[in-house]
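As you go down the protein sequences, you meet chains A, F and L in turn. Here the first sequence is numbered in the working numbering, starting from 2 and rising by one per residue. Here the second sequence is numbered in the working numbering, starting from 185 and rising by one per residue. Here the third sequence is numbered in the working numbering, starting from -8 and rising by one per residue.
Hints in this document: simulated from the structure, not taken from any laboratory. Misleading hints may appear alongside valid ones.
Straight-line distance between alpha carbons at most 27 angstroms, and here's what the computed DSS-like set of lysine-lysine pairs gives [said to hold, decoys possible]:
no.	chain 1	residue 1	chain 2	residue 2
1	A	Lys377	A	Lys214
2	A	Lys377	A	Lys220
3	L	Lys12	A	Lys214
4	A	Lys220	F	Lys273
5	A	Lys248	L	Lys12
Partial selection, computed: residues in chain A whose CB lies under 10 angstroms from chain L [unchecked claim]:
no.	residue
6	Gly112
7	Tyr115
8	Ile250
9	Ser251
10	Gly256
11	Leu260
12	Gly267
13	Gly270
14	Leu271
15	Leu272
16	Gln408
17	Gly409
By construction, the Cβ of each residue, glycine as well, lies at the ideal position given by its N, Cα and C atoms.
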Amino acid sequence: MKRIFEVALGILAAIGGFVDIGDIVFNVAAGALFGYQLLWVVVIGVGAIITYSEMCGRVAVVSGRAAMDVVRERLGFGAGLVALIAGQLVNLMTLAAEIGGIALALQLLSGLPYRVLLVLGVLVLGVVIWVLPFEWIERVFGYVGLTMLVFAVAAIKLRPGWSDVGAGFVPGVPSSNLAVYAFFAVGLIGAATVPYEVYFYSSGAVEERWTPKDLGINKANAIIGYSLGGFLSFALMIMAGALFFPKGISPEALGTVALGAEVPLGQIGLLLALVGVLFAVGGAAIDSVFSGAYNMAQFFGWEWGKYRKPVDAPRFTIAWLVMLVLGFVIVVTGVDPIQVTEFSVIFSVVALPLTYIPILLVANDRAYMGRYANGKVANVFGIAYLVVILVVAVAAIPLMIVTNMGQG
Amino acid sequence: MSETVDLALGILDHQLVDSEDFRCGKVDDLELEGLQDGSPRVETILVGAPAWRGRGIMGRLAAALVRGRMVRVPWSEVSEVDSAVRLRKPSQELSLRRADQSARPLVEWIPGARSEG
Amino acid sequence: MPLVCLVLAAGCGGSGTLTEKQLQKDMETVQSAAVEGELLASDIARDRTSEPFARIHSGVLAEQAQGVARTLMKGQASRELESRRRQAASQARAVSSALEELHGSPGDRVVARRVLRELEDLSS
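Only chain A is shown next, with the shape it has when bound in the complex:
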């Protein structure tokens, strides 16, 4: 009974923590431009993160080694270092975007100046990471992030044409604007599979000392948690498709997203939406700070882990502090966080194969994984998604240039 309770809690935290600023920006923009037509792509993205996380989690549990550790081992020092650098640049961009998102949400809630809230936000993040134990961080941000469900209520209340919504789950191409459509398809997959989630998930498995008997929880967390989290992405797109698309509203600011909850649900909808965004994005910021530190430590062999005393893992500790400061520096220059988000998602798509391929190889290595190596099902999905990821990685930058970041 206690086990089921634990699993349920883990799933709840995964749902609330699934959505980050990239998902918000891309799902709402896609809904505003194409209505419900891109819903099927979100399904693909969710499938990709489930496949990838489950494999990464399984490798971490069986070997006690997390993502970047495995990457260096498989690719060797040289190629591994390239993967590390690419991964870190993407992590940093993502972190900057999330920090900006936090400040925007706080600004819409409080009316205080943006730059003040940037400083406040970063300080609070630093204190939270320092003080709270690992599981608490995940739980607090995950549970409160569940208020994002207000977007599901809003989407329903906006009375979308449900048969049109259903049609959106069937893969198809639009009659015009094909390049922009493809760009958003790439962005949606990128937003769902953003690398820090996987680095963090696999390191978390080691932090929480999962053993092979926890592999069932690993699977449940990944499959159920991320599926239901994907549900939140659907809600964002459907809300935008029902409200913004027919009115020709093009969302360029976080306030527009919040308006989508306010129009059908009034002030309570607005507040729940902003709080939900704040905690979902806040949790994502913390995850990406840690991912940056995990990656450095795991590549170079330093002692690491939130479960360690900071004095026992000083370089790891300094790494996450530096990461947080660098993220802040990027965003305090005044660059628009929404634009940083768009760049970070596109570049993370390009870097994704560098992490995915080693993981797929290790997960198949029977000498390493023993009886926990990939079975047929895992490999079917693993290889199918490898193809998807490679296609998307190659197409991302050309599409970004041709469509001028989706502006068309």
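Dock chains F and L against chain A, hints included.
Leaving out everything else, chains F and L in the frame of chain A:
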């Protein structure tokens, strides 16, 4: 012969863990011996930035940019090899984890630095 | 978007000549801000929003419209597009100042109702 060499190379880039379960670097390079007489074995594990010089272009670039000392860990210090390379002694006795020791004062002064997270 | 602009040398405002496509995009941006402003004004009038949110977001929308107005007034256009450019610029300015009114009195329901009517007229 090549099977043993493969096994030796198989531990390249693996995590090193000391007797107290602390992570203390990676197997950055290896010194093999006995290649001539047909029974190759690992003689020494090399740990540290200078050891990257033997790891290709990126390795030489990284070694040039990062200061550090190289530590030689004789193969006799290895107790077992599973997913990590486990050592018989604590890191200090093998001169490993020195960078963490030097970085310690930077973090120690912050309240709560000695409690587990 | 400076990186993207560097790559897309032409058509990024660097040349200063307005194209049909760019004019269309600018008008859509202004229209989008106006319609969104209507939603916000309507919510303010019915007391369905919070004051900080109304103030901040109306400011963002006003800046969106004002940004288009600035670009349109600076640029040059061919003779066929010239009158449409001027019209679009004045539309952008009108939308922007209506939104600025909301921004200045974010809790005022009377102002909100009036701005709502203005924006409805402008966007029809």
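Status of the hints after comparison with the structure:
1. Of the pairs offered as hints, the one joining Lys377/A and Lys214/A holds, with about 21 angstroms between alpha carbons and a cut-off of 27 angstroms not exceeded.
2. At most 27 angstroms may separate the alpha-carbon atoms for a hinted pair to count; Lys377/A and Lys220/A meet this at roughly 16 angstroms.
3. Between Lys12/L and Lys214/A the CA atoms are separated by roughly 60 angstroms; this puts the pair beyond 27 angstroms, and the hint is violated.
4. Note on Lys220/A and Lys273/F: the hinted pairing is violated, with a Cα-Cα distance of about 37 angstroms set against a maximum of 27 angstroms.
5. For the hint linking Lys248/A to Lys12/L, the alpha-carbon distance of about 20 angstroms falls within 27 angstroms, and the restraint holds.
6. Given the 10 angstroms rule on beta carbons, the hint for Gly112/A holds: about 3 angstroms separates it from the nearest Cβ of chain L.
7. A cut of 10 angstroms between beta carbons decides the hint on Tyr115/A: the least distance to chain L is about 9 angstroms, and the hint holds.
8. Proximity of Ile250/A to chain L holds as hinted, the smallest CB-CB distance being about 5 angstroms (cut-off 10 angstroms).
9. For Ser251/A, the shortest C-beta to C-beta distance to chain L is roughly 4 angstroms, which falls under 10 angstroms, so the interface hint holds.
10. For Gly256/A, the shortest C-beta to C-beta distance to chain L is roughly 3 angstroms, which falls under 10 angstroms, so the interface hint holds.
11. Look at Leu260/A: its Cβ gets to within about 6 angstroms of chain L, closer than 10 angstroms, so that hint holds up.
12. Interface restraint check: Gly267/A against chain L, minimum CB-CB distance 4 angstroms, threshold 10 angstroms, status holds.
13. For the restraint placing Gly270/A at the interface with chain L, the shortest Cβ-Cβ distance is roughly 9 angstroms, inside the 10 angstroms limit, so the hint holds.
14. Using the Cβ-Cβ criterion of 10 angstroms, the hint placing Leu271/A at the interface with chain L is satisfied: the shortest such distance is roughly 6 angstroms.
15. Satisfaction of the interface hint for Leu272/A is found here, the shortest Cβ-Cβ separation to chain L being roughly 7 angstroms, below the 10 angstroms cut-off.
16. At a threshold of 10 angstroms, the smallest CB-CB gap from Gln408/A to chain L is about 7 angstroms, leaving the interface hint in force.
17. Annotation: Gly409/A was flagged as interfacial toward chain L, and the flag holds, the nearest CB pair being 8 angstroms apart, inside 10 angstroms.
The structure is inconsistent with the numbered hints 3 and 4, although it conforms to all the rest.
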